[in-house]
Amino acid sequence: MEIFYAVLLLVLATIVANTVYPYFPAIPQAFYQIAAGAILSLVPLYHHFVLEPEIFMLIIIAPLMFYDGQNANARDIRKNFGSILSMAVALAILTVVLMGYVSQTILAGLPLALAFALAAIVTPTDAVAVSSITTNIAVPERVMGMLERESLFNDASGLVAFSLALTAFTTGEFSLGSGIKHFLIVFFGGLLIGLVLGAIAVWARVYLVQTGKDSASVIVPYDVLVPFFIYLAAEHAGLSGILAVVAAGLVYSVSTNQLRLSSTQLQLVSRSTWTILTNILNGFVFVLLGVSLPTVWVNIQQDHTKSLTTFIALAVILYVVMFALRYLWIRFDWALIHSDKSDRRQHALIGALSGVHGTITLAMAFSLPLTYHGASFPFRNTMIFIAAVVIILSLLVPTIVLPFILPNKTLPVDPDDVIQERKALVDYATSRLAQENPDSAAATQTVIEILNSQATNERPDRRKVEALLNHATRIETQTVQQMADDGVITQAFAARYVRILVFRSQLSSHNPFVNLNLWLRFVSHRLSHGFNRRFRRKARIRKQQEWLATHDFTPEQRAAQERRLELEKQQLPRKRQRNRAVDQERREAYLKIEDTVYENVMAFLTETASVDNQAEVNSVRNYYNARHRRSNANDTTSEAQNEMFIQAFQYEYTYIREQRSANRVSAAMAEELYQQVSTDQMLYMQEIADAD
Numbered sequence: 001m002e003i004f005y006a007v008l009l010l011v012l013a014t015i016v017a018n019t020v021y022p023y024f025p026a027i028p029q030a031f032y033q034i035a036a037g038a039i040l041s042l043v044p045l046y047h048h049f050v051l052e053p054e055i056f057m058l059i060i061i062a063p064l065m066f067y068d069g070q071n072a073n074a075r076d077i078r079k080n081f082g083s084i085l086s087m088a089v090a091l092a093i094l095t096v097v098l099m100g101y102v103s104q105t106i107l108a109g110l111p112l113a114l115a116f117a118l119a120a121i122v123t124p125t126d127a128v129a130v131s132s133i134t135t136n137i138a139v140p141e142r143v144m145g146m147l148e149r150e151s152l153f154n155d156a157s158g159l160v161a162f163s164l165a166l167t168a169f170t171t172g173e174f175s176l177g178s179g180i181k182h183f184l185i186v187f188f189g190g191l192l193i194g195l196v197l198g199a200i201a202v203w204a205r206v207y208l209v210q211t212g213k214d215s216a217s218v219i220v221p222y223d224v225l226v227p228f229f230i231y232l233a234a235e236h237a238g239l240s241g242i243l244a245v246v247a248a249g250l251v252y253s254v255s256t257n258q259l260r261l262s263s264t265q266l267q268l269v270s271r272s273t274w275t276i277l278t279n280i281l282n283g284f285v286f287v288l289l290g291v292s293l294p295t296v297w298v299n300i301q302q303d304h305t306k307s308l309t310t311f312i313a314l315a316v317i318l319y320v321v322m323f324a325l326r327y328l329w330i331r332f333d334w335a336l337i338h339s340d341k342s343d344r345r346q347h348a349l350i351g352a353l354s355g356v357h358g359t360i361t362l363a364m365a366f367s368l369p370l371t372y373h374g375a376s377f378p379f380r381n382t383m384i385f386i387a388a389v390v391i392i393l394s395l396l397v398p399t400i401v402l403p404f405i406l407p408n409k410t411l412p413v414d415p416d417d418v419i420q421e422r423k424a425l426v427d428y429a430t431s432r433l434a435q436e437n438p439d440s441a442a443a444t445q446t447v448i449e450i451l452n453s454q455a456t457n458e459r460p461d462r463r464k465v466e467a468l469l470n471h472a473t474r475i476e477t478q479t480v481q482q483m484a485d486d487g488v489i490t491q492a493f494a495a496r497y498v499r500i501l502v503f504r505s506q507l508s509s510h511n512p513f514v515n516l517n518l519w520l521r522f523v524s525h526r527l528s529h530g531f532n533r534r535f536r537r538k539a540r541i542r543k544q545q546e547w548l549a550t551h552d553f554t555p556e557q558r559a560a561q562e563r564r565l566e567l568e569k570q571q572l573p574r575k576r577q578r579n580r581a582v583d584q585e586r587r588e589a590y591l592k593i594e595d596t597v598y599e600n601v602m603a604f605l606t607e608t609a610s611v612d613n614q615a616e617v618n619s620v621r622n623y624y625n626a627r628h629r630r631s632n633a634n635d636t637t638s639e640a641q642n643e644m645f646i647q648a649f650q651y652e653y654t655y656i657r658e659q660r661s662a663n664r665v666s667a668a669m670a671e672e673l674y675q676q677v678s679t680d681q682m683l684y685m686q687e688i689a690d691a692d
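Numbering (the UniProt record's numbering), first residue to last: 1 to 692.
Simulated from the structure, these hints should not be mistaken for lab results.
It is possible that part of the hints are untrue.
Claimed, not checked - Okay, derived cross-link-like pairs now, BS3-like style, lysine-lysine, Cα gap no bigger than 27 Å in a straight line:
(1) Lys341 with Lys409
(2) Lys423 with Lys409
(3) Lys423 with Lys464
(4) Lys341 with Lys79
Said to hold, decoys possible - Label pairs and their calculated CB-CB ranges:
(5) Gln478 with Thr19: 45 to 55 Å
(6) Leu232 with Leu12: 41 to 51 Å
(7) Asn136 with His373: 44 to 54 Å
(8) Ala108 with Ser376: 12 to 22 Å
Ideal Cβ positions, reconstructed from N, Cα and C, are used throughout, including at glycine.
Produce the complete structure using the sequences and hints provided.
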């Protein structure tokens with residue numbers, strides 16, 4: 001049960017950090033997640049928190065690397081395979097060797113094998129962390145491509161080097177020839193098994209689709225489980241599980257055309273599932289780092305034989321060494337990204353700054369053994385602390401420096417302009433709908449309400465809503481009075497309706513949804529009033545019977561009283577019938593008022609609606625639509641609504657076409673709007689198909 005609560009709190013911390021980030025986007029999202037984890041470490045459940053690296057690698061790293069492989073461009077990887085080997089293998093090995101000797105020189109007493117293990121821990125870069133710090137920055141395409149390709153494969157280099165260093169320390173034996181052989185087997189063996197198992201996974205998925213088992217409940221769980229099985233299979237064979245899932249993801253990427261041979265709904269659900277899953281897991285990594293840091297700090301503080309200043313200095317030196325190596329490697333084009341000579345200096349600086357560390361570094365640091373020959377593993381807390389400082393430095397330095405040397409990222413279209421144009425598009429479509437369907441007010445307004453709610457997520461302005469409601473109330477009052485003057489309803493009923501309307505507007509003018517509560521109270525009052533009226537009649541007859549039984553009467557008097565009582569009993573059904581007739585008459589009068597008021601108010605809202613007040617008008621429209629549906633419970637307009645939705649989509653396409661022909665919107669804006677409308681239409685048609 002504790003594990004469940006621990007995971008639940010970690011997910012909650014991730015959600016909170018992701019919620020805060022949009023308010024202050026200048027700070028990378030990773031820092032919010034680390035801070036959320038640090039706060040979470042105050043919970044007793046996370047005191048002395050120890051990360052299980054095997055579970056971490058399987059549950060978090062495997063699906064993330066598989067997803068990165070899926071979204072990688074296989075053609076681009078084939079084209080730049082030399083660059084990948086240069087950055088992910090050659091540079092990684094050189095970094096491990098050089099930093100290993102630097103670590104042993106600075107930290108006296110650190111065995112050379114553990115120095116190499118520490119170097120291997122801090123060598124791999126992290127695509128997730130790079131994306132986090134470059135979200136709003138325009139990184140040159142050549143550099144960003146190099147960073148993404150490097151982070152896909154250098155994890156395996158670090159893991160293999162780390163494994164070799166630990167083996168050398170625990171056994172006291174190391175052979176350069178056998179070490180290189182082991183490295184090549186694990187590296188290329190992981191790629192090979194990933195390619196084979198990925199191809200089998202793709203074939204099985206295509207088979208499931210072709211045999212009609214392409215429901216989301218089958219395919220989506222299958223896709224999610226694939227990286228876990230492939231990772232476990234590769235690790236069981238003694239190969240690189242990380243490279244195996246990357247290779248399998250690349251097979252999925254190459255097989256895109258085959259995988260598209262499934263329903264649109266399945267593809268949308270699959271993409272949405274992977275997007276949500278990876279976003280949660282990405283945040284999870286940095287929340288876990290934040291949770292782990294206090295434990296590392298406490299362990300270092302308790303170790304009085306070591307100097308904290310020395311550890312921090314070593315972390316800074318290691319970061320500087322890695323920065324210098326990366327800069328020189330890219331500056332002299334050993335990275336094989338073939339930058340123009342005029343750009344090499346800038347590209348080298350950006351590539352060196354963007355060597356960010358995160359997930360794999362954290363996992364390897366915590367995978368250090370707890371004991372060695374019955375005692376605590378030497379330098380374990382020290383190595384974890386140094387790795388944590390390197391991670392924070394690699395995040396912090398580029399966050400501060402990169403915005404000064406790179407411009408902000410420019411999107412093809414401004415998101416604010418897209419929202420404004422989408423609102424204008426919906427306004428055009430809804431206006432046309434109202435004009436073309438004057439005889440189907442209820443169905444039309446329901447469709448308009450749904451379309452408007454999809455166009456914007458803005459909160460309606462309270463004062464504007466109140467003004468619209470007050471105007472709508474005046475229209476109701478004028479409509480009822482006019483109906484009374486025309487003899488459609490009685491003056492008495494009109495006066496009664498207006499009193500209720502005034503009372504209702506006084507209570508709920510600030511919030512249209514409070515009217516629902518008032519309506520329920522009004523209905524309950526009417527029901528209780530009718531019940532009390534019948535109860536009083538029966539009680540009066542019962543009292544008369546008791547009075548007749550307890551008093552002395554002459555036979556003639558008793559007979560007269562009994563006849564009068566019997567006559568009153570016989571009149572009860574007739575009174576009830578008359579009351580029902582009165583209630584029915586009132587009901588019919590109310591429905592007449594409701595229908596006429598609804599049409600007049602909706603005409604006012606349609607005329608008033610504009611791009612600038614969509615949220616407010618839709619709030620009032622929502623209230624009147626809900627009230628009208630309650631009053632006309634038997635009114636079935638679903639078929640009419642379906643036709644109107646199709647009409648609306650056509651109007652939206654027409655609007656985009658006209659705006660593009662008149663050069664009022666750019667090609668990129670038109671493409672974005674077309675994509676949004678086509679997605680809405682596709683989802684709505686799928687809903688209709690499911691309903692049928």
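Compare the distance between the alpha carbons of Lys341 and Lys79 with 27 Å, and conclude whether the hinted pair is satisfied. holds (21 Å)
Could you see if the CB distance from Asn136 to His373 stays within 44 to 54 Å? Because 51 Å falls inside the window, the suggested range holds.
Would the hint linking Lys423 and Lys464 be met if the CA-CA limit is 27 Å? At roughly 18 Å apart (the allowed maximum being 27 Å), Lys464 and Lys423 satisfy the hint.
Using the C-beta atoms of Gln478 and Thr19, is the stated range 45 to 55 Å upheld? With a Cβ separation near 46 Å, Gln478 and Thr19 satisfy 45 to 55 Å, so the hint holds.
Assessment of proposed distance window 41 to 51 Å (beta carbons of Leu232, Leu12): With a Cβ separation near 29 Å, Leu232 and Leu12 fall outside 41 to 51 Å, so the hint is violated.
Restraint status (C-alpha distance of Lys423 to Lys409 at most 27 Å): holds (25 Å)
Consistency of beta-carbon spacing, Ser376 to Ala108, with hint 12 to 22 Å: Taking Cβ atoms as reference, Ala108 and Ser376 lie about 19 Å apart, which means the hint holds.
Can you confirm whether the C-alpha distance between Lys341 and Lys409 stays at or below 27 Å? This hinted pair holds, its Cα atoms lying about 24 Å apart.
Of the numbered hints listed earlier, the single one contradicted by the structure is hint 6.
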